[in-house]
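Engineer: Sequence:
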Amino acid sequence: MFELYPDILKAYDLAQYLRTIFEKIPDKIIGFAKLAKWHEKEDQSEFKSFGTISRTITNHYQTILNYFDNRSTNASAEMKFMNSY
1 MFELYPDILK AYDLAQYLRT IFEKIPDKII GFAKLAKWHE KEDQSEFKSF GTISRTITNH
61 YQTILNYFDN RSTNASAEMK FMNSY
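Counting from 1, position 6 in the sequence shown corresponds to residue 6 in this note's numbering; the numbering is continuous, with no gaps.
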């Protein structure tokens, strides 16, 4: 399939690269650098479908980088709050 549709391979690789950042990178500084590299790749790809996530990361990168501190998100904090009642 990727041979017939090389753009699908590029989009898949871009998505996998972003996923790998959040799964494998243990450090906020390295995470910041990898997210910047991902943003550059996304910008060069010209895929409109990645624009929303790219803008979200750009607009909220400081908050997003906090994920690398303890591997938790606001969603997990919300669940802890909800479970306390």
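Take these hints with a grain of salt, some might be off.
Taking lysine-lysine pairs in the BS3-like style, the calculated list, with each CA pair at most 30 angstroms apart, reads [to be verified]:
1. K41 with K10
2. K48 with K24
3. K37 with K48
4. K34 with K48
5. K34 with K24
6. K41 with K28
7. K28 with K48
8. K34 with K10
9. K28 with K10
10. K24 with K10
11. K48 with K10
12. K10 with K37
13. K41 with K24
14. K37 with K24
Beta-carbon label-pair distances, calculated as ranges [stated by the list, open to error]:
15. L4 with K28: 29 to 35 angstroms
16. N66 with E46: 16 to 22 angstroms
17. E46 with N70: 18 to 24 angstroms
18. Y61 with K24: 14 to 20 angstroms
19. D7 with Y67: 35 to 41 angstroms
20. A36 with L9: 21 to 27 angstroms
21. T58 with F2: 25 to 31 angstroms
22. D43 with E3: 38 to 44 angstroms
23. R71 with L4: 35 to 41 angstroms
In case anyone wonders, no lab produced these hints; they're calculated from the structure.
Cβ coordinates follow ideal geometry from the N, Cα and C atoms, glycine included.
Engineer: Give a verdict on every hint.
Structural biologist: Each hint tested on the structure:
| no. | hint | result |
| --- | --- | --- |
| 1 | K41 with K10 | holds (10 angstroms) |
| 2 | K48 with K24 | holds (26 angstroms) |
| 3 | K37 with K48 | holds (18 angstroms) |
| 4 | K34 with K48 | holds (21 angstroms) |
| 5 | K34 with K24 | holds (11 angstroms) |
| 6 | K41 with K28 | holds (20 angstroms) |
| 7 | K28 with K48 | holds (27 angstroms) |
| 8 | K34 with K10 | holds (17 angstroms) |
| 9 | K28 with K10 | holds (26 angstroms) |
| 10 | K24 with K10 | holds (21 angstroms) |
| 11 | K48 with K10 | holds (13 angstroms) |
| 12 | K10 with K37 | holds (15 angstroms) |
| 13 | K41 with K24 | holds (19 angstroms) |
| 14 | K37 with K24 | holds (15 angstroms) |
| 15 | L4 with K28: 29 to 35 angstroms | violated (40 angstroms) |
| 16 | N66 with E46: 16 to 22 angstroms | violated (30 angstroms) |
| 17 | E46 with N70: 18 to 24 angstroms | violated (35 angstroms) |
| 18 | Y61 with K24: 14 to 20 angstroms | holds (18 angstroms) |
| 19 | D7 with Y67: 35 to 41 angstroms | violated (29 angstroms) |
| 20 | A36 with L9: 21 to 27 angstroms | holds (23 angstroms) |
| 21 | T58 with F2: 25 to 31 angstroms | holds (29 angstroms) |
| 22 | D43 with E3: 38 to 44 angstroms | violated (26 angstroms) |
| 23 | R71 with L4: 35 to 41 angstroms | holds (38 angstroms) |
In the structure shown, a violation is registered for the earlier hints numbered 15, 16, 17, 19, 22, in ascending order.
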